[in-house]
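Protein chains in written order, with the numbering used here: chain D, 43 to 231; chain C, -8 to 203.
Just so you know, these hints were derived from the structure itself, not from any lab.
List time: in silico DSBU-like cross-link candidates among lysine-lysine, alpha-carbon distance up to 35 Å: (1) C:Lys203 <-> D:Lys92; (2) C:Lys14 <-> C:Lys35; (3) D:Lys92 <-> C:Lys189; (4) C:Lys203 <-> C:Lys139; (5) C:Lys163 <-> D:Lys56; (6) C:Lys163 <-> C:Lys74; (7) C:Lys143 <-> D:Lys56; (8) D:Lys89 <-> C:Lys93; (9) D:Lys92 <-> C:Lys93; (10) D:Lys89 <-> C:Lys163; (11) C:Lys131 <-> C:Lys189; (12) C:Lys163 <-> D:Lys92; (13) D:Lys122 <-> C:Lys60; (14) C:Lys60 <-> C:Lys35; (15) D:Lys89 <-> C:Lys139; (16) C:Lys35 <-> D:Lys89; (17) C:Lys60 <-> D:Lys92; (18) C:Lys74 <-> D:Lys122; (19) C:Lys93 <-> C:Lys74; (20) C:Lys93 <-> C:Lys64; (21) C:Lys189 <-> C:Lys139; (22) D:Lys122 <-> C:Lys19; (23) C:Lys19 <-> D:Lys130; (24) D:Lys89 <-> C:Lys143; (25) D:Lys56 <-> C:Lys74; (26) D:Lys56 <-> C:Lys131; (27) C:Lys35 <-> C:Lys131.
It should be emphasised that the depicted structure is a prediction, and the values quoted were computed from it without experimental measurement.
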Amino acid sequence: MQNSEDGCIRYLMKEMDPSEEVEFEREMLSDEDLLIEVECLRQTLHKLGKLPEIQPPTHLTDHIRQQALQTQQNRLNHNKRIISWFGKSVAAVAAGVLIVSMGTYMWPVSEGTAIEATTAVSGAGSTDDGTTPWVDRNDVIRYSDQFQQAGSLEFEAQRSNSMKKLVRVEVTEPWSTTRPQVQLTGTSN
Amino acid sequence: MELIKRHLDHKSYRQLSDTELVKIFRRKADESAFNELMNRHQSKIYSYIYSMVNNPDVANDIFQETFTKVVAKMDETYNEQGKWIAWVMRIAHNATIDYIRKQKRFIDVSNWSDDEGSTDFFERMHDDSVTDADEQMVDKETRSSLMKHIQKLPEEQRTVVLLRHYYEMPFKEIAEMTNVSINTALGRMRYALINLRKYFEEERQLEMKHAK
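Just chain C, same shape as in the assembly:
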């Protein structure tokens, strides 16, 4: 009976909006409500952080810091009017940018290796959507290559690209979050795509050269 009740509760929580789940969690410290919120958004938040810092340990720290702040500030600064995920993303973004600016380092992409012993994160990922082995290999390489090129982008362009990709955030919100005008945000996106195209082209030419 307990299992059935738990299953029904879980099913009913899936139908609730983020705002409703937050209300339930605030009022009763309801475990299921918080679990549902985490399940919905954790991968996108983590992906954004990881893509920005390119380091799993740092990504773990920032991810934990983000949610510590989320829970601590939920009663104070989240007013249940706006989207919860946009509010959480703002916290994640600020934490990530704070880390990057503290480091003030140029990310050394020469550490990325195509050797078998590589510790590339994406090579350890298994993509269930691709069944053919060759296709899977190509896909992994594309993803690895893509992440490499994303890391090459200037921080402000990388931010816009990742916020748009992972959260489908309107440019108006991206502009507000990054404290720039909407035209500047659009411009950054355009230049990010131009730069990525350039990096892909350079990589292709390098591969052709090596192939000869």
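Same shape as in the complex, but just chain D:
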């Protein structure tokens, strides 16, 4: 029963497949009550066709159009501003990354120079390069001026070794007029 009731509406509203329509029409021919119901519903549906279309007031539609254009225009302008701000932000970040990258690239060059200088400094204090302290004819001990840093360990080590080698000179001539003083020598003579 439910099926035939819904079938009436579906048939009248043309929402049936062609095969369903044929089947339903066959059913109507064999069931007079069904046929009467379908015809009554069809007549009422026909009257519904007289329902008019009503136009909205002109002032209302004009206002709606104006409002719609304004809203959409504002939205588009807002989107443009966001895109512009975003673009500038991305450009700023990209520039920053580029500067940092360049700085990082250049930094290892400066470090290399410093390492080379340090190597040069440590190399200067090595006795293997012929910088052994020496004594001049006035018996004054001299060190090479190649030491860059007076406080370097190499320098201190050599100085202390040299100092250890110095001995007091004994004065044997009683007629020496020089005042007795301590004299040191690094030689073994």
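Given chain D, work out where chain C should sit, using these hints.
Same frame as chain D, now just chain C:
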């Protein structure tokens, strides 16, 4: 030249589908595109709302509210896959139902009057398709009577009848919009037609009684 260009633009917009017009409006806030959309659908949308609420001022408010929401939500919820008019109708329908449920009133059809001083909306309408004066009068009365009977229907039956009439909406879509099964939607349509037939019959008998 400007007039010709405008005429050509208008002609070309008529050939575009709703979806294409929506795309143009979204991208450029194109006035002509929106005008074409309005021209195509405004009377059906307004007719539906008016037929549901039976009050021109309320119909105006709901109509404006509908299009305010349409423009506000067009970028968010309309995905250009489905029909634009079905999407707009859903908004109009929800706004109308919200109003009706807020009111929760029984529409007093005794306000409908056949007096000369009547403010019946349909009596103010001029139907260009009917040229004969008598025929026009009969037509007006039929329309007025029909609207009166539509208003008597329960809200859910009225909804189905009007959605089907103004939008030729398939019952599957009507069922989805009203959150019921398709069988329920079909049943509501059937009972709406049965009730309308009953109202017409009662009116006819009343007229016959008065005629005696």
